[in-house]
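Q: This is what each chain is made of:
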Amino acid sequence: MKWSTVKLIFSREMRDQFRDRRTLFTVAIMPLILYPLMGMAMLQVAQFMREHPTDIWIVGGENLPSSPSLIEDGEISRNWVTEKNQKLLRLQGSGEDDAQFFSLIKEFKENPEANTGRTENPGSQLVDRLLEKQMQDRKVDLAIVIPNPIGSPSAIDFNGPQAATSKIFVFHNSAEDKSKIAADRLRVILDRWKHAYVENTLGENSVPPWLIQGIEINGADVADKQGKSAAMWSKILPFVVMVWSLTGAFYPAIDLCAGEKERGTFETLLSSPAKRSEIAIGKLLTVISFSMATALLNMFSMAFTGLFVYSRMTAGIGGMEMGAPPMASLMWLVVALVPISALFSAVALAAAAFARSSKEGQYYLVPLMMISMPLMIIPMLPAAKLDLGTSLIPVSGLMLLLRSLIEGHYAQALQFFAPVCCVTTICCWVAVRWVVYQFNSETVLFRASERFAVSAWVKSIFNQRHDIPSLGNAFLCCIAILVLKFFIGTAAAGIALESFIDLTTITLAVLLAGVLAPSLIMALMLTTNAWKTLKLSLCSIPVACAAAIMAICFHPALMALTSLVMTIYPPIGDMSQVGGMFDTIMGSAPGFWAILLVMAVAPAIIEELAFRGFILSGFERLRNKWQAILLASLFFGMAHSFIQQSIVTAFVGVILGIIAVQTRSIIPCMIYHVTHNSLTLILSMIAPSRVESSPVLQNIIHSPDGNGFEYTTFATVAMAVIACGIMAWFLKLEVQEPAAPAAEIDENIKDVEFTPAESAV
Amino acid sequence: MIHVRRLRKSYQDLQTGTFTALDGISFDAMPGQIYGLLGPNGAGKTTALRILSTVLKPTSGTAVVNGFDVNKSPEKIRHQIGFVSCNTAIYDRMTAWELVRYFGQLYEMNEDKLQMRMEGIFERFQMNDLRNLLCSKMSTGMMQKVSIARAIVHDPPVLIFDEATSGLDILVAREVLRTIEQLADQGKCIIFSSHIMTEVQRLCDRIAIMSHGKILTEGTIEDIVERYGERDIEELFYQVIRESSKEKRKPSTAGA
Ligand SMILES: Nc1ncnc2c1ncn2[C@@H]1O[C@H](COP(=O)(O)OP(=O)(O)OP(=O)(O)O)[C@@H](O)[C@H]1O
Ligand SMILES: [Mg+2]
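Quick mapping for you: the protein sequence lines, in order, are chains P and S. Letter by letter, the first sequence follows residues 1 to 761 of this note's numbering. Letter by letter, the second sequence follows residues 762 to 1017 of this note's numbering.
Simulated from the structure, these hints should not be mistaken for laboratory data. Hints should not be assumed to be uniformly reliable.
Listed below are the simulated BS3-like cross-link pairs for lysine-lysine, each with C-alpha atoms no more than 25 Å apart in a straight line [unchecked claim]: (1) P:2 <-> S:818; (2) P:7 <-> P:106; (3) P:275 <-> S:1007; (4) P:87 <-> P:235; (5) P:84 <-> P:167; (6) S:837 <-> P:2; (7) P:2 <-> S:833; (8) S:874 <-> P:359; (9) P:194 <-> P:7; (10) S:949 <-> S:874; (11) P:625 <-> S:818; (12) P:139 <-> P:87; (13) S:837 <-> P:7; (14) P:459 <-> P:532; (15) P:732 <-> P:532; (16) P:532 <-> P:385; (17) P:7 <-> P:87; (18) P:2 <-> P:84; (19) P:87 <-> P:106; (20) P:180 <-> P:194; (21) S:975 <-> P:275; (22) S:975 <-> S:1007; (23) P:625 <-> P:459; (24) P:194 <-> P:167; (25) P:235 <-> P:275; (26) S:949 <-> S:833; (27) S:898 <-> P:275; (28) P:87 <-> P:180; (29) S:837 <-> S:818; (30) S:837 <-> S:949; (31) P:7 <-> S:874; (32) P:180 <-> P:133; (33) S:975 <-> P:2; (34) S:833 <-> P:275; (35) P:167 <-> P:180; (36) P:167 <-> P:133.
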């Protein structure tokens, strides 16, 4: 790769983008204008909410005690409010027709025993309606009703009829924000007044006021101001940076690829001496620049606007404390932005390279966002913290690392620096490879525009059947299995598992309806040769034996992998309880053979038919058999519900895929799968006495903590070596049936020979 | 010079399988000659020219351009050719001068030579008033001129034109054709596809008539005229295509 060419392409693309008003708008103008505008709007709204006067309708004001007085000269007493707020509370005295409400409220609201269920009481509801109407007519936000005289603290007769609690009703309309805010505001004032009233009453009756205080509970926040603002910024800023670096990468990427295809300039560029990798890298650098610029501008613009707005809204919203984002945090963000932008730009560019037009490119943004959003949201969850498990998740790990850096937990950050760096580097590398691959692939660059018509498509599915399924069929089958398994599994989760019969029913229902049915139906309807599609031909005896032995020998290594995965991603919830339930269910089984049949044999046979049969046959249309195997294993893993299980299953899927591709038969796969499943079951259920009495088993499995058996390290390594040997043997097997199109091409190349003599005309 | 031997190209389509756009074509084009590719829409002309300009890889067969094989050394070929594709492939947000210069730089020309060459080209094509005009503000004819200027800036021995005159008015088309003729006189090997029979008749030394990915007839214009006993080249084209479709119907061999 020549860097001068890359630079040339990069500088042209940059200039091109700078001349594009749309790009400039999204990258530069929008963040610079958007946040200040949003801030201004927020300030305005806050202003409106604070400054707006509240109208209050008081019914029965004469019932209030004279001391401490709530109302003085038609206004709330200055004892309970500041002067400014006093002006904002406008009181309306009661009119002549208030008497009727007075009695209505007295009747329906005051006596809780008479109308227990408030909402069910039609009288009470009627009063609500009437009040709502009255409040609207009078243009008031609140209505305060004091139905009965409240005695002055000095004049309370403890034995008289006044002994019951006095009541004040505050009616508000929660459908109107203004009314709700007014109610909250008034409640604070009434509380202050009530407190004074109670204190006075107690004082009058010579009870020390502190008695009702009981024990005062004091809370204090020990976080320093710096720490508090860091905690908040550490959540918001990485998210903003991530979202904008993806968005900022996307639009230039579309213009650089799809736009160039649209204008037809791609062709001329490809016929020039610039190599495709040089073109790809030049464009990638441009996209990265724009992605970083967008993210940075947004970050700074948001941080400064936020600071400004919050400093103006002194009260703060929801008690959130806002300080300046620590300078160090901005620095860490800028450092982390480089790999983030590189990753997102590469993904966006690769996706955009696939699009035929800018319009088509736009459609890819939403799926891309949907895929990356969960990765960005995980770190925002309250429970998320940086550990080995999370540090291995692509984008999330980086965000969590960033968070601990911003919060100043350097020791923790340092600990997981290496895994996060590794994962991020690998992701970036894969994404960049993908971009270069896309630019080298002419099926991507010169995709024919297919006019999509549903009827024609359905017809073509049935008319153009081949002996094995197409790539699309295979994907369709995967999605059908995932969806069906999800729904059947969710439905089954509601059924209480009590006996082995229940377990059998549910397991078989999921397997038969969710896995077997879609693949069998598709094999019969969409292909002409179900036998070949499902790879039902028999295999030789050595192959069958090899598969069984390989399953035994790989088992310890896979178990070790399982426990490794379990330590990295510890299962959530209480597993011991599940284990107990499992034991009782298994206890009700008619025998171990039944457990094996349901838990090992049935899944093995059915899953093989689906994943190594139909799906792998479809994926084998990809030129590269490894791509096919990996893709099928990925879906095989995804079809298992727990992430811990999925990871290990995907590995097993690769082994099974290799067997299937090399032997062209599903029988050895089934043998492997049954053996693997059975061993897992046996290992979890084997009786300790059995092991102790056997000299061989003692060397292979042991029970380090007296709680279930594990393979010994020696056995694991030794058996894995044997397994790898068998795997090598499988890989050396002649693939019996070469793919059809390849043969055709070879034939053509053979008889093409260019002779100079022929060309002389 | 260009030698094409049994060139085949199939497009992979995930839905419909493979589609054969070129079905083993062979022909030769010599320096100083203009070679015309004729054929109805979808005949495979663009596909053939794209393979010659190394934008696409052939499925099988070979093509040798100026001594280099498209399969083995496409990078070398790219220095030898100038390719004008069917849509005036122009970057909207560049001026004519910037665009031509950019391609000159891609071809690794040194600055002085590039400057001189560009002055010469802009002079000859009377494009000096376009120098600082953004391409998005140009008419089709202007764009086509820029496109040709871009293709010849590095003075390649082989030029590939795909429908160079489509969408141009008679005056500009004539100018473009004259340019092509001049380039041929300079000893360049030119291959050229077109739908306009009169310009083919005027310009080309040899032609090939294609349909459905196959060359139906090939040779100098005089040869073909003699072979079919038809003076008017448009009639001739019509006759050739009709004959081939008749033949096709008889054995009823469905295409791939
Ligand atoms: N990327 C592609 N994928 C699939 N099929 C394609 C692709 N490009 C072209 N084709 C098909 O190949 C055939 C030949 O196309 P080509 O563009 O070479 O024809 P052409 O002779 O240039 O036609 P025109 O005169 O309309 O320009 C057409 O039937 C077309 O549908
Ligand atoms: Mg064409």
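Q: Taking the hints in turn, state whether each one holds.
A: Do the hints match the structure? See the list:
1. P:2 <-> S:818: Holds, because 23 Å separates the two Cα atoms, which is no more than 25 Å.
2. P:7 <-> P:106: Not satisfied, since the Cα-Cα distance of roughly 84 Å exceeds 25 Å.
3. P:275 <-> S:1007: 45 Å, violated
4. P:87 <-> P:235: The given pair, whose Cα atoms are some 40 Å apart, is violated under the 25 Å limit.
5. P:84 <-> P:167: 28 Å, violated
6. S:837 <-> P:2: 15 Å, holds
7. P:2 <-> S:833: 20 Å, holds
8. S:874 <-> P:359: 41 Å, violated
9. P:194 <-> P:7: 76 Å, violated
10. S:949 <-> S:874: Satisfied, since the Cα-Cα distance of roughly 20 Å is no more than 25 Å.
11. P:625 <-> S:818: 22 Å, holds
12. P:139 <-> P:87: 17 Å, holds
13. S:837 <-> P:7: 21 Å, holds
14. P:459 <-> P:532: 23 Å, holds
15. P:732 <-> P:532: Satisfied, since the Cα-Cα distance of roughly 22 Å is no more than 25 Å.
16. P:532 <-> P:385: 49 Å, violated
17. P:7 <-> P:87: 67 Å, violated
18. P:2 <-> P:84: Given that 25 Å is the threshold and the Cα spacing comes to 72 Å, the pair is violated.
19. P:87 <-> P:106: It is violated: about 31 Å lies between the C-alpha atoms, which goes past 25 Å.
20. P:180 <-> P:194: Judged against 25 Å, a Cα distance of about 21 Å means the pair holds.
21. S:975 <-> P:275: 31 Å, violated
22. S:975 <-> S:1007: 15 Å, holds
23. P:625 <-> P:459: This hinted pair is violated, its Cα atoms lying about 29 Å apart.
24. P:194 <-> P:167: 11 Å, holds
25. P:235 <-> P:275: Distance ~42 Å between residue 235 of chain P and residue 275 of chain P Cα, so the pair is violated.
26. S:949 <-> S:833: 23 Å, holds
27. S:898 <-> P:275: 30 Å, violated
28. P:87 <-> P:180: 19 Å, holds
29. S:837 <-> S:818: 15 Å, holds
30. S:837 <-> S:949: 17 Å, holds
31. P:7 <-> S:874: Roughly 21 Å between the alpha carbons, so the hint for residue 7 of chain P and residue 874 of chain S holds.
32. P:180 <-> P:133: 17 Å, holds
33. S:975 <-> P:2: 39 Å, violated
34. S:833 <-> P:275: 15 Å, holds
35. P:167 <-> P:180: Cα-Cα ~20 Å, so holds.
36. P:167 <-> P:133: 23 Å, holds
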